[in-house]
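Given the coordinates of chain A, work out where chain B with the ligands should sit on it, guided by the hints.
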Amino acid sequence: MTAANMLLDAAADAGYYALFGRSAGPQIRGGEAAALVRLSSEPVTSVDDTTEILLAIDWQNVHRFAAELPLDAKCVIITDPTQGDVPEVMAKSGARIVELPMKDLAKEIPGGRPNMIALGAICQLIGLPIDTVTEVLGKSLKKKRADAYEASVAAVKKGAEAAGSMGTTKRLPPVSDKPLRWSITGNEGAGLGAVRGGVTFCAAYPITPATEILEWLTGALPKIGGTFVQAEDELASINMCVGASFGGAPSITATSGPGLALMTEALGMSLASETPVVVVDVQRGGPSTGIPTKSEQSDLNIALYGMHGDAPHLVVAPNSIGDCIFTTQWAVNLAETLQAPCIVLSEQSLGQSRGIIPAPADVAFTGKRSIAQSPAEGETFKRYALTNTGVSPMPVPGTPGCQYTADGLEHTETGLPSSQAGDHFAQTDKRLRKLTGHEYGDHWATVEGEGELAVITWGSSTGAAREAVERARADGIKAKLISLRLLAPSRPEAMGKALAGVKKALVVEMSQTGQFHKYLRAEYDLPETQLLNRAGPLPFRPHEIHSRLLAMGGK
Amino acid sequence: MTECTAITYTAKDYKSEVKPVWCPGCGDYAVLSSITKAFADLNLEPHNTAVISGIGCSSRIPAYTNCYGFHTIHGRSLVVATGLKLARPDLTVLVAGGDGDGFSIGGNHFLHSCRRNVDMTYVVMDNRVYGMTKGQPSPTTEADWDASAMAPPGGTGLTPFNPLAIALSAGANFVARAFAGDPNGTAALIAEGIRHPGFSFIAVMSPCVTFREEQRDWKNVVRKTETAPATDASEAAKRLLQDDGYNIGVLYKGDRRSYKPVTGTGKTVADLDAQFAL
Ligand SMILES: Cc1ncc(C[n+]2csc(CCOP(=O)(O)OP(=O)(O)O)c2C)c(N)n1
Ligand code: SF4
Ligand SMILES: [Mg+2]
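If you read the protein sequences in the order shown, they are chains A and B. Heads up, the numbering used here is the position in the first sequence plus 1, with the first residue counted as 1. Heads up, the numbering used here is the position in the second sequence plus 1270, with the first residue counted as 1.
Just chain A, with the same shape it has in the complex (with noise of 0.2 Å):
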C-alpha cells in the first residue's frame, strides 16, 4: 500500500489522472491487500477490462483477490522467485511471467525494502520518471528519516535497473501540461461536499465503510466552527442531527446499511416533521452485515422505500468519485430548501477509493432554507401552513412568537396532532408537492452522447458504462449514457426528453435483484429494455457493458 501511494503521487506530480482502489481481507490491521492503480493522461473514472501488470511481492492468500485481478495474455506478471510459483489460478491466463527477486535485490542494500524495489521497476515499465519517485521518497522520509530515504532511492533506482530487461509492456503517454487536479477520496469528497453545502453538524456511529467520512468531519467540522459527536448507535446519531437541525443546524450524518436500517424510524420522523437532515449510505455487499468492505449497489430498495407510510423523500447518488463532492453539497441544500430527509447512496467502491480528479468547480446553489419570521401582533404562526409550493418557513428556536411543536404525528397547519382525515390529505399533499414541484434542473442526471441505445445506470456502474459508450461509439454504435443522480422523487419529464429517440436501452446495476431495474420499470416509460446485474462486488469492466452495446446494436 505504502509503494502503491508512492506510486500514485509520483503520477500525480507528473500530471496523470488515476483512480486508486484496494481490496483487502477481513483483518483489522496488515494482512494481504491488493492495490488498483489505473493511471491515464485522460480523466479516469473505471476500471479498466485486465490488468496490465500484475506485481506480487508475496502470493499470500492470492486466492482471495483473484477475482478482483483478471488477467490475459497481454499481461505482465512480475514475481519474486524466492516467493514460490505463480498460483495457478494466475498463470493459466496465460500472462508472460517475468522474475524480480524483489527480497534479493533489497538485501543488497542496507535497509532496503522489496515494495521499493517494487516501484522503481514498475515506474520504469510504464515510463514514469524515477525523478518523481524520488521526489515523492524526499517529500515524505527525508526530513524525519534521512537514512530510510537514502534506503528507498537506492531501492527505486535498483528496481528501475532490474525492469531494464524485462521487455516492453504499455507505457503512459507523455502529457505535456499539467491540468489543476485534486487527490481525494470519495468519502473524503462526502465530507467536503456537506460542509460546502453549509453543514454545522455531524453526528454519527463508526461503520466501514462510512468511517473515513465521520473521520474526515471530525478534523474539519471544529475548524470552521461546527460540531462532530461521536453517538452511542445510530438511532441516536440520526435523532441528534434531527435535534440540530430543529435548533437550525444544517445537519449530516454518515452511514453503511445496517445503520440506515436502524436509522429508518427517525427519517420518518424528519420527513413528518419537516426537519431536514442527510444521511450518507456507503453501500456494502448485503444484506444484513454482508462484505463490510466491498462494493454493491443494494441499498436502493431501503432508501427508496424503507419507511412506513407514505413517505416522499429525496434520495440521490454520486456517479464517480468527484460527484461525492457535488452530490453531497447538492443534498444538503435539497434537504435544506425542501425541509424533508435525503439520503445519499454513495458506494464503497467510491468511498474508498482514492482519484487523481479534475479539479472540481466551485458550485454555489440558490436556494437554502426558508427560515421564519416573528408574526405581527395578533397573527398566529402557522408552521405548517399550506402554501403554494409546499414549502413553509421554518423559524429558529429563540425566535419569539414562532414557536411550535415539531411532531411526526400527523398535525394541523399550526402543528398541533390531528388525526382528521382532512389534516392528513392536506399535510400528506404538502409533503408530496414540495418534492415533485421542485426544479432540479439538468443535475437530475448525467446524460452524455446521442444515439438510438442507451445505457441506463447509477453510481459506480457509471464509469464503466462510459467507456462502454465511447468504445461502441468507435465501432459506429450511437449510444448514449443515462446515469441518474436524483433516484427520488422520480423525473418522468426530464427522462421522456433523455430518451427521446432512444430505441433500445440497457440497465447495468449491482444488484443481484435488480432492484434500479424494478425501480425504473415502476417510475419510467421505457423502451425496449434489457438487463445487465448481478450482485457485488465485482466492479463491471467497459467490456462486459460494450458486448452487450454490440450485440444490441447489432454488430
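Keep in mind the hints are simulated off the structure, nothing from the lab. A virtual CB, placed ideally from N, CA and C, is assigned to each residue, including glycine. Check each hint, because a few of them may be wrong.
Only part of the chain B face toward chain A is listed, based on derived beta-carbon distances under 10 Å [to be verified]:
hint	residue
1	V1288
2	E1315
3	T1319
4	V1321
5	I1325
6	F1340
7	H1341
8	I1343
9	H1344
10	R1346
11	N1378
12	R1385
13	G1534
14	Q1545
15	F1546
Per the computed footprint, the stretches of chain A lying under chain B, defined by three or more beta-carbons under 8 Å from a beta-carbon of chain B, are [to be verified]:
hint	region
16	180–194
17	197–205
18	219–231
19	240–252
20	406–416
Okay, the calculated beta carbon distance ranges per label pair [to be verified]:
hint	chain 1	residue 1	chain 2	residue 2	range
21	A	R535	B	E1412	51 to 59 Å
22	A	T390	B	P1422	50 to 58 Å
23	A	A147	B	A1544	24 to 32 Å
24	A	G423	B	D1525	52 to 60 Å
25	A	Q374	B	T1538	24 to 32 Å
26	B	I1277	A	T390	31 to 39 Å
27	B	D1416	A	G226	52 to 60 Å
28	B	N1432	A	A523	46 to 54 Å
29	A	D430	B	P1467	42 to 50 Å
30	A	H64	B	D1525	53 to 61 Å
Relative to chain A, chain B with the ligands alone:
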C-alpha cells in the same frame, strides 16, 4: 439558560391552549404545572426554551407548553435534545417522558446521556406502567404486579430498575426524586435541576389513575428527605441502598464539567479545499 429582565413571566405564559388528552386525575397534569411553574420561577423566555419528548401519555407535554417543542419518536427524546443543545447551547432544554420511553426503548440513550452530561434536564413521569398502550408492565413495574390483563398472572417476576441508581452510576450530575402530588416541591426540584450544570435527572412519581389505581395512595407514603443532597457519589449510593423508593428530594449534586464538543478555530470551507489540491 437565558434570563430576561424586561418581562416577568408567570406559569400561565408557558401553557398553550391545547387541551391535554390525559385521563381525569392523571398525575401528568400536575407535572405539567410544575414544569411551567419552574420555568416561571427562573423567568425563562418561552422562545428560548425547548421541551423535547418521546412517545407515551407523559410525552404529550411539549404541545401543552408555549415553548419550542419536539414530540419525537418512542425512546429518542434524549438524543434529539442532545443534538439540539449541542447545536444551540444558548437554549434551555428540558426533556420529558415516561418510564417505558426512557428506561426501556430509550434505555441506552439514558445511560449515555448521563455519561455525556450535556447541560439539560430530564423529567421522567414514572408511573411504573405503559399508560398509552393500555397497561403493560414497564421496567419500573413491581415484580408481582398483575392487576392488568396485560401482565402475566403473578407478575413478570422481574426486579424493577432503580432509575436513580442507574443515573448516579452512569454519571448524571444531578439526581432527584419528586412526587406529582406535591406540585410546588416538584417545581422547585425541576428549577434546581435546570439551574444545576450538566445532565440533571428528576424521576417524578406520577400516578396512572387508570391502570395503576393503587398509586393514588402514594400521597400517604411519600416523605420529604431531611438530609441535604450528597455531593459525593458514594455517599449518594449508600443512601440509595437504604432507600425504599418513597423519599422525595435531591439525592445527589455533582460537580462534573458538562460536555462541550470542541469547536471553532475560524477556518473557512475554502481553507479545507486546499488539502486536496495538487
Ligand atoms: C417504536 C415504537 N414502539 C412502540 C410504540 C408504542 N408505544 C407508544 S407509548 C408506549 C409506552 C409508553 O409508556 P411510558 O413511556 O411509560 O409512557 P406513559 O404512557 O406511561 O406515560 C409504547 C410501547 C411506539 N409508539 N413506537
Ligand atoms: S392512561 Fe394513565 S398515564 Fe395515561 S393519561 Fe391515563 S392516567 Fe395518565
Ligand atoms: Mg409510564
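How the hints compare with the structure:
no.	hint	in the structure
1	V1288	holds (6 Å)
2	E1315	holds (8 Å)
3	T1319	holds (9 Å)
4	V1321	holds (8 Å)
5	I1325	holds (8 Å)
6	F1340	holds (5 Å)
7	H1341	holds (4 Å)
8	I1343	holds (5 Å)
9	H1344	holds (8 Å)
10	R1346	holds (4 Å)
11	N1378	holds (6 Å)
12	R1385	holds (9 Å)
13	G1534	holds (5 Å)
14	Q1545	holds (9 Å)
15	F1546	holds (4 Å)
16	180–194	holds (count 7)
17	197–205	holds (count 4)
18	219–231	holds (count 10)
19	240–252	holds (count 12)
20	406–416	holds (count 6)
21	A/R535 with B/E1412: 51 to 59 Å	holds (57 Å)
22	A/T390 with B/P1422: 50 to 58 Å	holds (53 Å)
23	A/A147 with B/A1544: 24 to 32 Å	holds (28 Å)
24	A/G423 with B/D1525: 52 to 60 Å	holds (54 Å)
25	A/Q374 with B/T1538: 24 to 32 Å	holds (28 Å)
26	B/I1277 with A/T390: 31 to 39 Å	holds (36 Å)
27	B/D1416 with A/G226: 52 to 60 Å	holds (56 Å)
28	B/N1432 with A/A523: 46 to 54 Å	holds (53 Å)
29	A/D430 with B/P1467: 42 to 50 Å	holds (46 Å)
30	A/H64 with B/D1525: 53 to 61 Å	holds (59 Å)
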